[in-house]
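Its first residue numbered 1, the sequence shown is counted upward by one per residue in the UniProt record's numbering.
Worth double-checking, as some hints may not be accurate.
Below, a list of computed lysine-lysine pairs in the DSSO-like style, where the Cα atoms sit at most 27 Å apart [as the list claims (entries may be wrong)]:
1) K18 to K39
2) K44 to K59
3) K6 to K59
4) K18 to K105
5) K108 to K59
6) K108 to K34
7) K105 to K44
8) K34 to K44
9) K108 to K64
10) K64 to K6
11) K89 to K108
12) K64 to K89
13) K18 to K64
14) K34 to K105
15) K6 to K34
16) K39 to K105
17) K59 to K89
18) K89 to K105
19) K6 to K39
20) K34 to K18
21) K6 to K44
Honestly, the hints are just simulated from the structure, not real lab data.
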Amino acid sequence: AITFGKDTVITLLEDDEKIGTDGFCYSTIDEVSKMENNKITDVKGVVVSVEGMDEITMKSGMTKPIRRILIADNSREPGVSIQVTFWGKIAYRANFGVGEAIALKDVKVGTYNSVSLNMSDE
Numbered sequence: 001a002i003t004f005g006k007d008t009v010i011t012l013l014e015d016d017e018k019i020g021t022d023g024f025c026y027s028t029i030d031e032v033s034k035m036e037n038n039k040i041t042d043v044k045g046v047v048v049s050v051e052g053m054d055e056i057t058m059k060s061g062m063t064k065p066i067r068r069i070l071i072a073d074n075s076r077e078p079g080v081s082i083q084v085t086f087w088g089k090i091a092y093r094a095n096f097g098v099g100e101a102i103a104l105k106d107v108k109v110g111t112y113n114s115v116s117l118n119m120s121d122e
């Protein structure tokens with residue numbers, strides 16, 4: 001946390017090109033909705049809804065834990081949302097709350113029924 005008091009002085013500095021970026025190359029949800037299947041991208045948004053943990057049976061007969069959330073941004077009026085599905089062990093770590101702003105790296109675009117995003121630890 002940063003705390004400012006009545007004696008705080010803020011000084012504007014020039015950009016320092018030696019300071020790196022966060023390594024993300026964000027796509028808006030509107031851009032994601034136009035991407036082809038299996039494209040890998042980074043995305044950020046606000047969590048709109050969170051489903052509980054679930055299990056899905058794969059074609060191989062194995063079961064995998066999954067968690068689905070819905071995120072939204074304002075890249076298109078009146079706003080746009082997309083489902084993100086977390087597969088495997090990462091589903092347990094996807095404990096996001098409604099209203100939380102999140103950034104996701106290397107999510108895969110899926111087009112089963114509609115455009116969605118998938119993230120897995122495998």
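Against the structure, the hints come out as follows:
Restraint check for K18 and K39: the C-alpha separation of about 30 Å exceeds 27 Å, so the hint is violated. For the suggested pair K44 and K59, the alpha carbons sit about 31 Å apart, so the restraint of at most 27 Å is broken. Between K6 and K59 the CA atoms are separated by roughly 63 Å; this puts the pair beyond 27 Å, and the hint is violated. Straight-line distance between C-alpha atoms of K18 and K105 comes to about 23 Å, which keeps the hinted pair within the 27 Å bound.
Restraint check for K108 and K59: the C-alpha separation of about 20 Å stays at or below 27 Å, so the hint holds. Restraint check for K108 and K34: satisfied, since their Cα atoms lie roughly 13 Å apart, inside the 27 Å limit. With a C-alpha separation of about 9 Å, the suggested pair K105 and K44 falls inside the 27 Å cut-off, and the hint holds. With a C-alpha separation of about 16 Å, the suggested pairing of K34 with K44 holds against the 27 Å cut-off.
Simply put, K108 and K64 have alpha-carbon atoms about 17 Å apart, close enough for the 27 Å limit, and the pair holds. At most 27 Å may separate the alpha-carbon atoms for a hinted pair to count; K64 and K6 exceed this at roughly 54 Å. Proposed proximity of K89 and K108 is supported: the alpha carbons are some 17 Å apart, at most 27 Å. This hinted pair checks out: K64 and K89 have alpha carbons roughly 8 Å apart, not beyond 27 Å.
Distance restraint check for K18 and K64: the Cα-Cα separation of roughly 43 Å exceeds the 27 Å cut-off, and the hinted pair is therefore not satisfied. About 18 Å separates the Cα atoms of K34 and K105, which keeps this hinted pair within 27 Å; it holds. The hinted pair formed by K6 and K34 fails the criterion: a straight-line CA distance of about 49 Å is larger than 27 Å. Simply put, K39 and K105 have alpha-carbon atoms about 12 Å apart, close enough for the 27 Å limit, and the pair holds.
Between K59 and K89, the direct Cα distance comes to roughly 19 Å. Compliance with the 27 Å bound is thereby established for this hinted pair. With a C-alpha separation of about 16 Å, the suggested pairing of K89 with K105 holds against the 27 Å cut-off. Taking the CA atoms of K6 and K39, the gap is near 49 Å; set against the 27 Å cutoff, the hint is violated. For the hint linking K34 to K18, the alpha-carbon distance of about 34 Å lies beyond 27 Å, and the restraint is violated.
Using a Cα cut-off of 27 Å, the hinted pair K6 and K44 is violated, with the two alpha carbons roughly 34 Å apart.
Checked against the numbered hints above, the structure violates hints 1, 2, 3, 10, 13, 15, 19, 20 and 21; every other hint is satisfied.
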